[in-house]
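Participant: Residue numbers (my numbering), protein chains in the order written: chain G, 8 to 603; chain B, 10 to 337.
Everything labelled a hint here was simulated from the structure, so no lab data went into it. Note that the Cβ used here is the ideal one computed from N, Cα and C, for glycine as well. Be aware that a few hints might be false.
[What the hints assert, rightly or not] So, partial list: chain G residues that the calculated Cβ filter (under 8 angstroms) puts toward chain B:
no.: 1; residue: Ala104
no.: 2; residue: Ile127
no.: 3; residue: Phe397
no.: 4; residue: His399
[To be verified] Label pairs and their calculated CB-CB ranges:
no.: 5; chain 1: G; residue 1: Asp415; chain 2: B; residue 2: Arg333; range: 44 to 54 angstroms
no.: 6; chain 1: B; residue 1: Thr325; chain 2: G; residue 2: Pro383; range: 36 to 46 angstroms
no.: 7; chain 1: G; residue 1: Gly294; chain 2: B; residue 2: Pro234; range: 51 to 61 angstroms
no.: 8; chain 1: B; residue 1: Arg87; chain 2: G; residue 2: Asn157; range: 49 to 59 angstroms
no.: 9; chain 1: G; residue 1: Thr379; chain 2: B; residue 2: Ala85; range: 39 to 49 angstroms
no.: 10; chain 1: G; residue 1: Thr379; chain 2: B; residue 2: Arg333; range: 48 to 58 angstroms
no.: 11; chain 1: B; residue 1: Ala161; chain 2: G; residue 2: Pro383; range: 33 to 43 angstroms
no.: 12; chain 1: G; residue 1: Ile29; chain 2: B; residue 2: Val278; range: 36 to 46 angstroms
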Amino acid sequence: MKPHVEVKGLRVTAGGKDDSAITIVEGVDFTIPRGGVLALIGESGSGKTTIALTLMGYARSGCRIAGGSIRLGDTDILGLDEPGLAALRGDRVAYIAQSAAASFNPSKRIMDQVVEPALIHGRMDRKTAEAKAVSLFKALALPQPDSIGNRYPHQLSGGQLQRLMAAMALITGPELVILDEPTTALDVTTQIEVLRAFKHAVASQGATAIYVSHDLAVVAQMADQILVLNKGRVREAGVAAQVLQSPTDDYTRTLMAAARPAPKPAPAVPPAQAPLLEIKGLFAGYGKVDNTGRPEIPVLRDISLSIAKGATLGVIGESGSGKSTLARVVAGLIRPASGAVNFDGQRLPGGLEQRSRDQFRRIQLVFQNADTALNPAHSVEEILGRPLRFYHGLKGAAQRKRMAELLDLIRLPASLAGRACSGLSGGQKQRINLARALAAKPDLILCDEVTSALDTVVGAAILDLLAELRRELGLAYMFISHDIGTVCAICDDIMVLYGGTAVEIGPRAAYQAPPFHPYTDLLVGSVPELRAGWLEEQAARPAPPAIGPALDGADLCRFLPRCTARIDGLCNQFTPPRHHLPGGSDILCHHPEAVN
Amino acid sequence: MAAPPTSRESGNAFLLILLAKRVASGLLTLFLVSLVVFIISGLLPGDAAQEMLGQSATPEAVAALRQQMGLDQPAAVRFLRWLAGLLGGDPGFSLVANMPVADIIASRLPNSLILAALSTLVAVPLALTIGITSAMRQGGRLDRALNTTTLAMVALPEFLIATIAVLIFAVELRWLPSIALVPAQGGFLDLLRALAMPILSLSIIVVAQMARMTRAAIIAQLGLPYVEMARLKGVSPARLVLVHVLPNAIAPIVNAMALSLSYLLGGAVIVETIFNYPGLASLMVNAVTSRDMPLLQACAMIFCCAYLSLVLIADTVAILANPRLRNR
Ligand SMILES: Nc1ncnc2c1ncn2[C@@H]1O[C@H](COP(=O)(O)OP(=O)(O)OP(=O)(O)O)[C@@H](O)[C@H]1O
Ligand code: SF4
Ligand SMILES: [Mg+2]
Chain G
8 MKPHVEVKGL RVTAGGKDDS AITIVEGVDF TIPRGGVLAL IGESGSGKTT IALTLMGYAR
68 SGCRIAGGSI RLGDTDILGL DEPGLAALRG DRVAYIAQSA AASFNPSKRI MDQVVEPALI
128 HGRMDRKTAE AKAVSLFKAL ALPQPDSIGN RYPHQLSGGQ LQRLMAAMAL ITGPELVILD
188 EPTTALDVTT QIEVLRAFKH AVASQGATAI YVSHDLAVVA QMADQILVLN KGRVREAGVA
248 AQVLQSPTDD YTRTLMAAAR PAPKPAPAVP PAQAPLLEIK GLFAGYGKVD NTGRPEIPVL
308 RDISLSIAKG ATLGVIGESG SGKSTLARVV AGLIRPASGA VNFDGQRLPG GLEQRSRDQF
368 RRIQLVFQNA DTALNPAHSV EEILGRPLRF YHGLKGAAQR KRMAELLDLI RLPASLAGRA
428 CSGLSGGQKQ RINLARALAA KPDLILCDEV TSALDTVVGA AILDLLAELR RELGLAYMFI
488 SHDIGTVCAI CDDIMVLYGG TAVEIGPRAA YQAPPFHPYT DLLVGSVPEL RAGWLEEQAA
548 RPAPPAIGPA LDGADLCRFL PRCTARIDGL CNQFTPPRHH LPGGSDILCH HPEAVN
Chain B
10 MAAPPTSRES GNAFLLILLA KRVASGLLTL FLVSLVVFII SGLLPGDAAQ EMLGQSATPE
70 AVAALRQQMG LDQPAAVRFL RWLAGLLGGD PGFSLVANMP VADIIASRLP NSLILAALST
130 LVAVPLALTI GITSAMRQGG RLDRALNTTT LAMVALPEFL IATIAVLIFA VELRWLPSIA
190 LVPAQGGFLD LLRALAMPIL SLSIIVVAQM ARMTRAAIIA QLGLPYVEMA RLKGVSPARL
250 VLVHVLPNAI APIVNAMALS LSYLLGGAVI VETIFNYPGL ASLMVNAVTS RDMPLLQACA
310 MIFCCAYLSL VLIADTVAIL ANPRLRNR
């Protein structure tokens, strides 16, 4: 049978039309049968989105489709003129963008935007289109399907917008749907619902789909065929199961290994027992602190933890759970409202001004985004020279010697010292960022999402580096991430934050198998596994059981509104107590034995 | 979920509060301006009583007149009296013209309003069209041509524009009168004919500024992801700009318009002078040269009032166009 989509010898260039143009995609061929799902995977910059967009005859500004052929059914897409393409886009081929929040027009109601493709392509009248939209909202499991269309984008969450964008794409019943990293911006717990909704909606329409992602486990759930890309070229192509189970290309194997980082061995010498950092009953947040000792915007509630010398504590939680706030408190950027932060047996003053230079030196903070943390105009030398001068008074030859040592530590060639930061790759910048912290010779490094902005392969290399440094230098880390896989790979102990409370804290081993706290359970269960069929096996979560109204003013469990294990009369009335689980972790929950 | 049922009402209340705040700050500004105008006009050399009686008057005569005019009162009292008069619609008496200021203004204000209104009618649609077209053809030949033209128009001094207009239309072609007198009777067409050249000159000046701001505001939006999304939905270029982009660019556009349009009333001095048009701006200039303080103060207050109203309107439009503010 003739394939539904056929791409041959695709070439996309950036820059001018002459020799100065650089090729960003070259020699890409693939076919998709009608109703099939092809995944494009690869790290950032591999040309995934560029290829996906050419299926609509579209190239981002500055880029140009320079050669090849693209056939959809009987249509030669590259042979269409602008009006012909406009008639195709949004009607026969629809696009679901990576960031729905940015891709909706902020000043128009959702319904107007969702029905627009059907109206401009003359598929149906407004009434029919709106009825169809509502039925799609229902199919995508959106709340209040009859009225959600009246809202504006800013009134909806990221996960909801992502599903609404799917409704917008499906309204004309397109024959080809392009999904461009549609769940990358979402927390895992939201991602699983969205994936399920997408899969169902696309399948029920019998559409052909192209799924762009860097996450292999997600791809395993969605695709029949996989195309592995690197630097704009195809590295491997084949049936999904084959590519995932027995990859033939080295690059694919690297991607697979990076996707699920193996646990890094703990240092041979067990960490000392005396805590290096100890936090007791910490409350912190933003804004003015009132006379009861609570900040205007409370974030962290009653946090206690300890990190031994040379040990690593992982902090995990969804966006807004207070992970970065915790790091800022330890670093002295935010004053705690109450509670104690002790470092090496001494009480740490709350603010930066009262801390001694030595206290500064011993605790270093590394941020998620090396791009904003490093001044692009400065050279590596200047960036590393400052802490060396400030903390250790090193100048001249001594400074150069130490700098060479540092670059060696982070596995970068010494010749990089003179280069400006703007010329470094993302991974190199993150290494320099790390070296700047190491320059102080700290005892504790606070790593806030240090690998999140990097793609999987580069991120995995940074994790390896962190583990090595720990072995060599006896460093302790507080490692913050929203990805439980990353945290499990490098940490001895893990703390799960939800809404600013530590709902579970315990050794890494305790997170390998249940029982868990109900939120940890949701978190662990939502991480896709690297095999087809996982998504189907995950029965849709039951709705939380009905309970009576929450007692006003009580300090209740933060997870109550979403918890499927909540107990009427207990969870909505009383503050949850701490329990010790047999697996070794402490949870904050009314269930004495955590449920699963 | 995000929008509880009461959000509409609380949103409206929020909107009213927001607008009330803007109005209140407008009124406060107006009060401060009146204070400044009063103080500055008091600082100008000379004294109205002295001025009237001439240098040879006896000090006693001057003093008597000052008392009669209330000039011997403390400044605060004079200020409050003046302010109360303004609010009551009586901005005082012009000793220079020997008639109430209100009467002088009544004879000039309508002329200025007509000229400003007609120029607005011409300039706003023209500016929008030019701005939108060149934004849509960004980088193209038409865009570059329009860009150069508007840049030249911004740079050209207005007396030059007005003079050239007179030379071409009145002297060479003899189509239009070189002096713009509002005809006492006659229809709207006569009025248009009489005012064509002032309107033309004023429009050229403000169109250029407004068109450039419109273009910039639209181009700023064109790079955003929602625009790419609209293109990928198959939206036509015209619909893209008019339906998708314009509502998001409206705030900076109306703001630029408010600034430009306030110029039509107060900044028209040169145009009024060249065409000998009896408007408010030239009146104010006369008031300065003849030291007619009550008239000067009244004119200043009218211009300031017009400016603040325009800004207020622009703010209101911007607030209403933003669903984040409209719909909390
Ligand atoms: N400067 C600030 N002023 C007021 N509130 C803030 C400030 N910074 C953060 N918050 C709020 O504090 C809460 C916790 O934020 P925090 O940055 O610690 O979260 P996070 O867990 O690091 O999230 P993410 O994974 O998105 O980085 C959030 O509700 C956030 O909106
Ligand atoms: S305390 Fe209750 S609501 Fe909170 S996690 Fe435990 S069972 Fe769920
Ligand atoms: Mg954070």
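Participant: Next step is simple, just say for each hint if it's right about the structure.
Facilitator: Hint check:
no. : hint                                      : in the structure
1   : Ala104                                    : holds, 6 angstroms
2   : Ile127                                    : holds, 6 angstroms
3   : Phe397                                    : violated, 40 angstroms
4   : His399                                    : violated, 46 angstroms
5   : Asp415/G <-> Arg333/B: 44 to 54 angstroms : holds, 51 angstroms
6   : Thr325/B <-> Pro383/G: 36 to 46 angstroms : holds, 42 angstroms
7   : Gly294/G <-> Pro234/B: 51 to 61 angstroms : violated, 32 angstroms
8   : Arg87/B <-> Asn157/G: 49 to 59 angstroms  : holds, 57 angstroms
9   : Thr379/G <-> Ala85/B: 39 to 49 angstroms  : violated, 55 angstroms
10  : Thr379/G <-> Arg333/B: 48 to 58 angstroms : violated, 26 angstroms
11  : Ala161/B <-> Pro383/G: 33 to 43 angstroms : holds, 38 angstroms
12  : Ile29/G <-> Val278/B: 36 to 46 angstroms  : violated, 57 angstroms
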